[in-house]
Amino acid sequence: MPYAVSFQQVSRHFGTVRAVDAVDLQIEPGEFFAMLGPSGSGKTTCLRLIAGFEQPTAGHIEIFGETAEGVPPYRRNVNTVFQDYALFPHLNVADNVAYGQMIRGVGKADRLRDAEAALEMVKLPDYGARKPGQLSGGQRQRVALARALVNKPKVLLLDEPLGALDLKLREQMQEELKVLQKALGITFVFVTHDQGEALSMADRIAVFNEGRIMQTGTPEEIYRRPKTRFVADFVGSSNVLPPHVTQRLGGPAEWASLRPEDIHLGSDTGHEAQVSATSFLGSATRVTLDVAGEKINVLRPSGTPVPVQGESVRLSWPPEALHLMGADA
Amino acid sequence: MSTAATAVPAAILPGRGGIGGALSDAFWRKPGLLLFLMLTPPLLWLGVIYLGSLFALLIQSFFSIDEFSGMVVREFTLKTYGELLRPSNLDIIVRTVTMAGMVTIASAIIAFPIAYYAARYAKGRWKAVFYLGVMLPLWSSYLVKVYAWKLILAKEGILTWVLDKLHLTFLIDGWLALPVVGGNSLSLSTTGTFLVFVYVWLPFMILPMQAALERVPGNLLEASADLGASPGQTFRNVLFPLALPGVIAGSIFTFSLTLGDYIIPQIIGTSHLFIGMAVYAHQGTAGNIPLAAAFTVVPVVIMGVYLWLAKRAGAFNAL
Numbered sequence: 001m002p003y004a005v006s007f008q009q010v011s012r013h014f015g016t017v018r019a020v021d022a023v024d025l026q027i028e029p030g031e032f033f034a035m036l037g038p039s040g041s042g043k044t045t046c047l048r049l050i051a052g053f054e055q056p057t058a059g060h061i062e063i064f065g066e067t068a069e070g071v072p073p074y075r076r077n078v079n080t081v082f083q084d085y086a087l088f089p090h091l092n093v094a095d096n097v098a099y100g101q102m103i104r105g106v107g108k109a110d111r112l113r114d115a116e117a118a119l120e121m122v123k124l125p126d127y128g129a130r131k132p133g134q135l136s137g138g139q140r141q142r143v144a145l146a147r148a149l150v151n152k153p154k155v156l157l158l159d160e161p162l163g164a165l166d167l168k169l170r171e172q173m174q175e176e177l178k179v180l181q182k183a184l185g186i187t188f189v190f191v192t193h194d195q196g197e198a199l200s201m202a203d204r205i206a207v208f209n210e211g212r213i214m215q216t217g218t219p220e221e222i223y224r225r226p227k228t229r230f231v232a233d234f235v236g237s238s239n240v241l242p243p244h245v246t247q248r249l250g251g252p253a254e255w256a257s258l259r260p261e262d263i264h265l266g267s268d269t270g271h272e273a274q275v276s277a278t279s280f281l282g283s284a285t286r287v288t289l290d291v292a293g294e295k296i297n298v299l300r301p302s303g304t305p306v307p308v309q310g311e312s313v314r315l316s317w318p319p320e321a322l323h324l325m326g327a328d329a
Numbered sequence: 001m002s003t004a005a006t007a008v009p010a011a012i013l014p015g016r017g018g019i020g021g022a023l024s025d026a027f028w029r030k031p032g033l034l035l036f037l038m039l040t041p042p043l044l045w046l047g048v049i050y051l052g053s054l055f056a057l058l059i060q061s062f063f064s065i066d067e068f069s070g071m072v073v074r075e076f077t078l079k080t081y082g083e084l085l086r087p088s089n090l091d092i093i094v095r096t097v098t099m100a101g102m103v104t105i106a107s108a109i110i111a112f113p114i115a116y117y118a119a120r121y122a123k124g125r126w127k128a129v130f131y132l133g134v135m136l137p138l139w140s141s142y143l144v145k146v147y148a149w150k151l152i153l154a155k156e157g158i159l160t161w162v163l164d165k166l167h168l169t170f171l172i173d174g175w176l177a178l179p180v181v182g183g184n185s186l187s188l189s190t191t192g193t194f195l196v197f198v199y200v201w202l203p204f205m206i207l208p209m210q211a212a213l214e215r216v217p218g219n220l221l222e223a224s225a226d227l228g229a230s231p232g233q234t235f236r237n238v239l240f241p242l243a244l245p246g247v248i249a250g251s252i253f254t255f256s257l258t259l260g261d262y263i264i265p266q267i268i269g270t271s272h273l274f275i276g277m278a279v280y281a282h283q284g285t286a287g288n289i290p291l292a293a294a295f296t297v298v299p300v301v302i303m304g305v306y307l308w309l310a311k312r313a314g315a316f317n318a319l
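Chains as they are written, first to last, in this note's numbering: chain A, 1 to 329; chain B, 1 to 319.
Hints may contain errors.
As the list claims (entries may be wrong) - The calculated DSS-like cross-link candidates involving lysine-lysine, where the alpha carbons are at most 30 Å apart (straight line), are:
(1) A:Lys131 to B:Lys79
(2) A:Lys108 to B:Lys311
(3) A:Lys152 to A:Lys182
If you're looking for bench data, these hints aren't it; they were derived computationally from the structure.
Construct the entire structure; sequences and hints are all you get.
What follows is the structure in structure tokens.
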């Protein structure tokens with residue numbers, strides 16, 4: 001079985017800007033794949049390369065084993081949920097959802113029935129007669145999803161689809177998207193800058209930075225065993241320790257990642273530190289420590305005692321918590 | 001504490017003072033007042049002078065002229081409208097409306113690619129070049145342009161000369177031999193009138209079209225392609241419906257300007273009258289103000305019907 005999407009040394013340059021730079025990428029069929037990275041890291045350009053809105057400057061792209069270079073978007077069985085939804089303002093919701101089938105020449109009754117079924121799937125039945133302008137952001141998002149899914153694409157691309165929603169709605173949609181993806185078995189490629197979203201939803205994640213993929217792996221791998229200090233810092237805001245600090249804390253002279261929630265605070269054993277700040281996060285409190293001039297964050301779960309600013313504490317961690325990333329990560 | 005307090009600015013600042021300060025405060029509290037003051041003069045102008053004279057014109061069209069004395073009889077009658085519907089006058093109306101329709105369609109076809117380029121691709125300096133290119137012809141006198149075209153289209157003009165050098169004179173001769181559109185030379189044919197109308201009114205089609213196309217988000221075109229639509233299908237189903245209000249706005253300009261113009265068909269074209277020329281002749285030399293007024297009512301009614309049809313066809317749904 002070929003990969004759903006495969007990039008071989010794909011680059012996309014805009015003048016001197018290397019938006020995507022020699023990227024290798026394999027996405028399995030039926031996978032929920034997240035592309036994670038800060039803005040400008042090339043993840044959206046990768047998505048647009050799959051959709052066909054951009055052509056690679058160099059390299060080779062295959063979609064289900066077929067060459068995709070030079071193939072226009074309208075000949076790719078790939079659909080996109082756009083960041084700002086891109087619903088057609090002059091068409092009502094049902095006609096928006098039925099657009100793909102209308103283009104393919106499906107009869108009016110058939111395509112409107114399918115559209116209604118798709119709207120039901122995204123929990124918006126009886127909204128067909130409204131115009132996109134009359135919907136809330138969350139509803140538009142669902143219409144955009146229905147409009148893409150009704151075409152039964154081989155790959156569904158989602159470009160930060162939850163970015164404009166409020167927290168509550170976002171969490172609800174994350175859950176629904178995951179359920180929907182498992183039920184339909186369609187390959188989802190999801191672009192996001194929100195590491196929490198990527199970790200909770202994806203089967204595998206590719207972390208992008210400056211047009212390159214830093215690391216690809218399961219959420220667990222990315223979180224537990226970051227390969228570079230960028231990944232460690234971007235995913236879950238780990239404490240990234242430069243080699244000399246790692247050495248001082250009893251490790252080898254290598255870059256290391258130490259998760260804030262893995263650190264124990266006590267008063268008798270471990271390295272000495274001063275509390276320089278605390279901030280309450282709700283489910284936990286983040287304690288910022290000064291360890292011989294180096295800042296280290298520690299998370300204290302809600303309910304545990306929190307030291308106050310200026311207090312002296314001792315910190316320790318289980319040996320496996322200190323994740324080493326090499327001398328030049 | 002008290003010394004520190006003097007250094008802290010007051011929470012409420014004192015009034016700015018003077019008439020200006022009092023006025024800005026008053027306008028801020030009553031925004032409607034400012035709106036009223038700003039809108040009254042133009043509304044008076046529009047309401048009294050413009051609409052008032054239009055109304056006076058409408059009344060005139062219900063008067064008639066005494067055929068013996070040549071005096072206007074100020075009594076309500078439909079006699080003038082009866083006169084308007086005589087075959088010779090109907091001819092004028094049909095000719096003018098057909099011309100206006102053709103000019104509008106041709107302008108829309110020529111304007112679309114230009115407006116599309118300007119809206120989608122032109123950036124920075126090229127955008128300035130676009131605006132300059134479209135507006136520049138509007139800076140020179142309309143009469144100069146029309147007379148320039150008369151020279152271009154004349155029998156001894158540059159167009160004939162170029163075609164002659166290319167041994168293509170037969171094209172122009174063949175076209176001029178056709179009925180209705182033909183004539184002695186391009187500058188004395190309906191074709192010439194049409195060409196000059198299109199040239200002169202084209203900017204009025206390009207600009208609203210470009211404004212409408214500019215408001216169509218690029219990702220809608222991408223979404224359409226993503227859903228399987230070829231460029232042609234995207235044009236028909238997304239781009240054109242969304243640009244339609246701009247096309248209608250442009251067509252209102254080209255259509256009504258052609259309906260009312262009386263100079264171009266006088267300088268270029270056949271001796272057949274257009275509505276504007278008929279109005280000019282009736283209110284001037286003939287002194288038949290009621291018939292001139294009735295002729296003027298025709299474009300107003302046609303534009304009204306046109307807008308009503310456009311609205312019914314859903315042209316403004318995307319607004």
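To see whether the hints hold, each was checked on the structure:
For the given pair, Lys131 (chain A) sits about 50 Å from Lys79 (chain B) by alpha-carbon distance, which is inconsistent with the 30 Å threshold. A C-alpha spacing of about 24 Å is found between Lys108 (chain A) and Lys311 (chain B), which places the hinted pair at or below 30 Å, so the restraint holds. Between Lys152 (chain A) and Lys182 (chain A), the direct Cα distance comes to roughly 14 Å. Compliance with the 30 Å bound is thereby established for this hinted pair.
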